[in-house]
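Sequences are here, hints too, so could you generate the full structure?
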Amino acid sequence: MPLAAAALCGKLPHVAGVDAAPEPAQRLHTWARRVTTSRRAPRPPVLNLLLQLREQFGLTYLFISHDLSIVRRFCDRVAIMYLGRIMEMAPAAELFVVPRHPYTRALLEAVPRLDPSVKRQRVALQGDPPSAARLPPGCVFSTRCGHAESACREAEPELQDDRGHAIACRRWRELAPIVEGEIAGPEKLQ
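Quick note on numbering: the sequence shown equals residues 1 to 190 in the numbering used here.
Since the hints were made in silico from the structure, they are not lab data.
Don't take every hint at face value.
Ranges between beta-carbon positions, derived for each pair [what the hints assert, rightly or not]:
| # | residue 1 | residue 2 | range |
| --- | --- | --- | --- |
| 1 | Ala92 | Ser117 | 19 to 29 Å |
| 2 | Arg85 | Gln52 | 27 to 37 Å |
| 3 | Gly146 | Glu55 | 15 to 25 Å |
This structure is a prediction, so every number in the text was calculated from the model and none was measured.
Ideal Cβ positions, reconstructed from N, Cα and C, are used throughout, including at glycine.
And the structure:
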């Protein structure tokens, strides 16, 4: 029995959905957590095992989750999606510190903070999400974005690469950067 299968059987099978037991020859693994369970999964022991296996065998995981605290800890590179479109993609260490897309900012500002003294800039989203069956023209986030202009509603933005940080927003350069929950001046980005 492979190491991962042995480690995931017995006490922990209820906290992880596994495509197959990781084999050293297989380099890409997909993991999904059950969304119908009331338990918070995957739990730290499973994540710690996955991190250990990644180091030991040089594995790559495609990890899909709504839990940004786990994504921040577990992932090297993150893609933020809205209605099936990538809004922003960057190394996790950068994305969580300097989010550039308005949707990413709103997501990160919605995450509860343990330290109440940390100042936050609340990003209020307008309206309801559009139907995935009838996406709006242009940027799919434009119906909820406080920065959207008419051009945003006309053509879907392409991912713009800025040194390995990709952003699907026409106006991202105009928006004041947010660094760790506060508006950043240029000195904080150096």
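Of all the hints given earlier, name the ones this structure violates by number, lowest first. 3
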